[in-house]
Structures are given as C-alpha cells and as structure tokens.
Amino acid sequence: MKLITCGLPYANGKAHIGHLRTYIPADIYVKYLRMLGEDVIFVCGSDSHGTPIVVNAEQANMTPKQLVDIYHKHFQEIFEKLDINFDYYGRTDEEYHHQTTQEMVKKLIEKGYVYPKEIELAYCPKCERFLPDRYVEGTCPYCGEIARGDECDQGCGRHLEPGEILNAKCKICGSKAVYKKQKHYFFKLTEFKEFLEGYLDKLKGTENALNYARQWVKAELKDWCITRNLEWGVKFPNEDLVVYVWVDAPIGYISFTKKACEKLKKDWKSIWLKDGEIIHFIGLDIVYHHCIFWPAMLKGADYNLPKAVVASGMVKVEGKTFSKSRGYVVWVEEDYLKAGLNTDYLRYYIINYTSHQKDLNFSWEIFKDKVNNELIATLGNFMYRVLHFAWKNSKEIKMDVDEEVMEKIKEVKDKIVESLNDWEFKVASDAFMELASFGNLYFQNAKPWELIKKDKEKCEKVLSSCLQLVKALIIFGYPILPKTMVEMGKIVGIDVKNSKIDDALKVDETIALNKPKVPFEKVEDEKVEELEKKMMRRIRGEKMEEVVDIEEFTKLDLRIGKIVKAEKIKKSKKLLKLEVDIGNEVRQVVAGIAESYEPESLVGKLVPILVNLKPAKLMGVESQGMILAVDVDGKAILMHPERDVPVGSKIR
RNA sequence: GCCGAGGUAGCCUAGCUGGUUGGGGCGCCUGACUCAUAAUCAGGAGGUCGGGGGUUCGAAUCCCCCCCUCGGCACCA
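Position 112 (the first sequence) corresponds to 112 in the numbering used here; numbering is contiguous.
Heads up, some of the hints might be wrong.
No farther apart than 27 Å at their CA atoms in a straight line, the calculated lysine-lysine pairs in the BS3-like style are these [claimed, not checked]:
1) K2 / K31
2) K176 / K555
3) K555 / K2
4) K568 / K555
Ranges between beta-carbon positions, derived for each pair [to be verified]:
5) K490 / E220: 54 to 64 Å
6) R537 / L273: 51 to 61 Å
7) E334 / K65: 22 to 32 Å
Rather than coming from a laboratory, the hints here were simulated on the basis of the structure. In this text, a Cβ means the ideal position worked out from N, Cα and C, and glycines have one as well.
Using the sequences provided together with the hints, build the complete structure.
The following block contains the structure:
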C-alpha cells in the first residue's frame, strides 16, 4: 500500500499558486498511480496550531478555532474545485489528532529521547504568563534588529530558540517582560545524527530536497525544544505546556491516515507500523522538517519511515520572486477562480511548465499561450475534429485499429509510467501531448474527408484508429485534466474515473458516439489583459495603503549628509562603512549598498540620512544612522539633492 | 564569503559514462490543406551549448579559473 501526503497548509491565510505547486502534482501522481492499479491513500489537512494563529485570532476578535474554521473551509473548497481529491482532509485541532500526537510524544518520552531543561524565557508580569514565539517582541541577539520570539523577521532572518530574544516586550499589553526560568522539554535530535546520515543516503525523492537535508545533517544538529507556553495546541503530558506546532503538524499525516482508513476500511498500521510506502510531497521551504525532525521522531517512536520526499521548486510570478507583500502572487480564489477560468488549465500549466524541482514562472501571457496553442490547438482540436467528423458521418464506428497507432499508444504509455517513477511530471505530460500531435498528423495524412467520398470502409478504419487515440488521450489525460476528460469520456462512453491505464490499449468492437462538444474554451486576449492589469495594480498599490500621520513622520530626523569616507567591511558582501558629515558631527554609518557602489565613488556625495535611528551593530561595526536609497529589485540606488546644499540641511 | 542547484536559439527543455551535420516543443517566416476552436500539415530561419584556459585525434559532455541566476547560512540601519 502507498500513502501520499501533501504538506499541511497553515490555516492562517488563503490558498495561492505556491500551494498548488505541491498539491496539483501530488494529485496527478495519485491519479496516475490509481490508474496503474496501485492501492493508494492520499491525505492532507489543515495545520491549525502555532502562535501566529493564536495572535491573528486575538486580533480578529475570535477564537483560534473560529479562525481555523474559516481557512479550513477555504482550502477544502479550493481543493474540491481544482479536483484535488484527498481521501481525507483533516485538521490538527481535532481530538483524534491530539490523541495520536500524545501517543507518539509519550513513546518518545518512554524511550528516553525527551529531557527537561530549565531555560530563561520572557514572562509578562501583567498578563501573568510566559510569552511564546510571536507573543514576544524584542531585540535579536545576533543583529540587533527588532525581532519576534521565534524568528528575527525584520533583520537577519535567523531562527530564534525560546529564550534567546533580548529586551523582550509583551506583544499583547506592551509591558516589559521579565526573564523567568521555566522547565521545557527537548528532543534529543543529536542522538539521531548517524541514523539520519544513513537514512538520507537511502531516502528517495527529488535531489533538491535530499541535498539540502544532507547539508544540514553534515553541518550541525542541535537538540530541539518541543514545548511551548500556549493553550492552543496539543497538551504535553503532565505539564501546563503544549507541544511545538512542528512536532504535531507532521503527525497529522498519521492521524489523517487513520481517518482515511476508517472510511476506506483499510489498515493504517500496515502503513505506519509496517512497510507501507510513504511519500511526502512538500515545498522546498519545509525540507528541514521532513528530512530531519520528522524521520528522527518516527525512528525514535518506532514508526515506519518515509520512503521518498518530493519537493517542488519555487514559484515566480511574472518572472519575479514570489512575494505576497510585494504583490507578486496569484490567489487561487480571488484571481483565478473568480476570473472563471477552467481549472484544468491551471493544472496543466503547473505540471507542464517545467520540471517539478525547478522554479516555475507563472505569467498570464504564457498561460494564455500554453492554453491556446497547446491544450486547444493541439489536443482539443484533435479530439474535437475526430469526434465531430465521426459523429457527423456515422454515430457508431466499428473498431479496427492500425497497428502503428497501437504501438504509438503503447510507447506513450511507457513513457508516462517511466517518468512518474522519476517524479518528472512534465515529461509525462509532454508524452501525452505528443500523442495528440501524432493524432493530428495521422488524421492529416490519412485525409478522411476525402476518403469518405470514395472509400467509406477505409475511412471508417482511419476514424477507428483516431478514435482509439482519442480514447487513449482521455485516459492518459485524466489525471492532468480531470474535468475535461470526464466530459470527453461521456462522448465516447468511457467512465474515465474508473478506468485503468491499460484500457487505452484495449480495442472495443464498436464505439457509439454522443454529440461532441469542444473540450476547451479559448483564453481571450482581453481576459489576459484584465488579469495582468489586476496584478500590476496590486504590485504598485498594495504598499501605499498604510497611512502614516504627520506626527509619525516628523519623528524622523532626516538630513542631508556628505560622505567623507567610505570603505568596505571585510567579509561582507553588501555592507560599506561610511563616515557621513551631518553638519555638527560626523557619523559612522553602515550601509547595505556595496553591491551597487564602489567605496571610492561615494566620497563627496550628498545623501539623505536618517539621523535619529537607534544605533546598531552590524558585522561588529557600529552604525549611527541610515542612508536612504531607492530600492530597485533589491538593488540600492542613491539619491542626491538637485543642487548643492549645506550639509546638515533638514529634509521635510 | 561558505554550501547546494543551475546557466543549451525569444521561452520551456533533451543530450552531459566524450565521437558522424547539438534533438524536441512553443513562438516566428514561407507554402499546402479545409474535417476541425484562423485549428492542422510541410518546409525554413534562429544556437560562439555562460566566458576563458587545458586534457584529447576529437568536448555541450572531463579538469582548472572566472562570470551570472536561484536557494540556504553568514552582515543587507
């Protein structure tokens, strides 16, 4: 038995194209496996725990559960609409999942892989509680930037372990937190180093995931703090703590398997306690958890281990790095579904643009081209011209298929099966499209429109061969284009949902036809323009929505300074150390402009500088201000006053 | 800076255990055809295989150096 899982979407935001990049290929893979007669279970669910959900729920004035309800439902709807059909789509805040998690945690405790340790944690005296993760705001111990409890999100991006953050403040009431000792629990990840090294050698999947994980294991493993001070989450045994969300989230794979098995009358133990083949589909961002923490936990608690981890590459939007805040995003509901576009188009784009491991660029222009030129002109046109021609002339065709055609179908089938084994879904979809091209060529060369006038028998033979190709296309194409192929199946009398891949190689006595209709609607230029405009508006506009009042602005002491000295900071790629004359004094400022400017070229330049910025240390160098610069795709471009002005002049 | 993955025609790619003129798809140009959603079919143009060295009778393919892109880590005040 095989189990396929997808990384759990975090129930804290809506579905975007980045999510689909994992779920659609996984679904296609599952549909193909089923056609190959494999016994497959496919599960996923909402990741409901963790502090962001608690914080966001509080801000929205609702309970965490209510917040999760919203997004859980959202994702279920999205998946249904896109024909991503999980056998079970659960959520981690349900009782059954808590039970499964606790069983596993207890097992790890019993086996001695968990130990308590006192650590100093931020505690809010006013709210009378410890402040986990994003309840804390403070200073990053590494870069001095304002950070939240678990991650220095504004600054260096480092992951912070509980207790590491400095000058902590409670995010809820704003009062200064004190540090108090508290007992927390750690998982002995370090004991699994050797196991992991061996395991990662055998683990299958995409190279992008495996290499990445091997790198981590080679470098350094630290024991892992697995408890948090929260009410929302899975209770840690005998303590007033909750297990860390990244402990319980992957256990969702097990608890959702149990639920799926209940429904399907199958045995979950044969998968998780014996030798079922477990395959995880994930995004590249969570390789660490799936290739390191997760197998170590499973090993420690005597569970079966994943056989493969398949990681999808990044998604770009219109050639730019995916970014929700910058507007380079495609929301599934708001952008795609609302536009009334056929969901099969998106499935095809995602599977066929490039190899699963590589970066996928989503662009509406390319989308239009792929749909109109490939799906419609090649595939749709072939199916329709055959069906329409055949139906117009006879309604029922006696089947007598050309050997050459059968061989071609067989060849394409083999290619599809082979590429699936390598997680090369594009290759599979290319093979499928190649069959449609073959069909067009066959039809064109055989000229049935001429044959029908002089040799009806021969014409029928040609049509029968073409119909067999259509049938094969319906079957091979179903995993990729389920909606369309179900409809096409009805025309030729195939129940494609229950077909096997080898049915494409079986020839019926006759095929009776229903009235055909065109498989796909074109994507019009106007539609694409509209969608592009919408995206451009978002890219330009979104950041301007936040309003700042004049008082806030006047707090900033902005002046013109003159760069009097500039030098590189050793071992730094982006930073320059500048000395800037601001009239009454000379300030030392560290600026991240080394990629755009040579130090020599800067001396003497007048630049805007924020003078009253809190000083910070970068790479050990003190910085007492900030040079303002234009950000063009991450590159810094300096600004200068339009004419000479005295140093220290105020900017308003 | 370190580590990993890459850089093949406008775009997506095959080839990478070295060997006849580097394949395919989309787009582009020309012609043919009309069953078909101006779809299809044939032909064609287009590549210093990131750059430079080297090994070899022979390199996209092996070795060295460099450049660029992406991701991770390390400083992007």
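Here is how each hint holds up against the structure:
| no. | hint | in the structure |
| --- | --- | --- |
| 1 | K2 / K31 | 13 Å, holds |
| 2 | K176 / K555 | 23 Å, holds |
| 3 | K555 / K2 | 61 Å, violated |
| 4 | K568 / K555 | 31 Å, violated |
| 5 | K490 / E220: 54 to 64 Å | 58 Å, holds |
| 6 | R537 / L273: 51 to 61 Å | 53 Å, holds |
| 7 | E334 / K65: 22 to 32 Å | 25 Å, holds |
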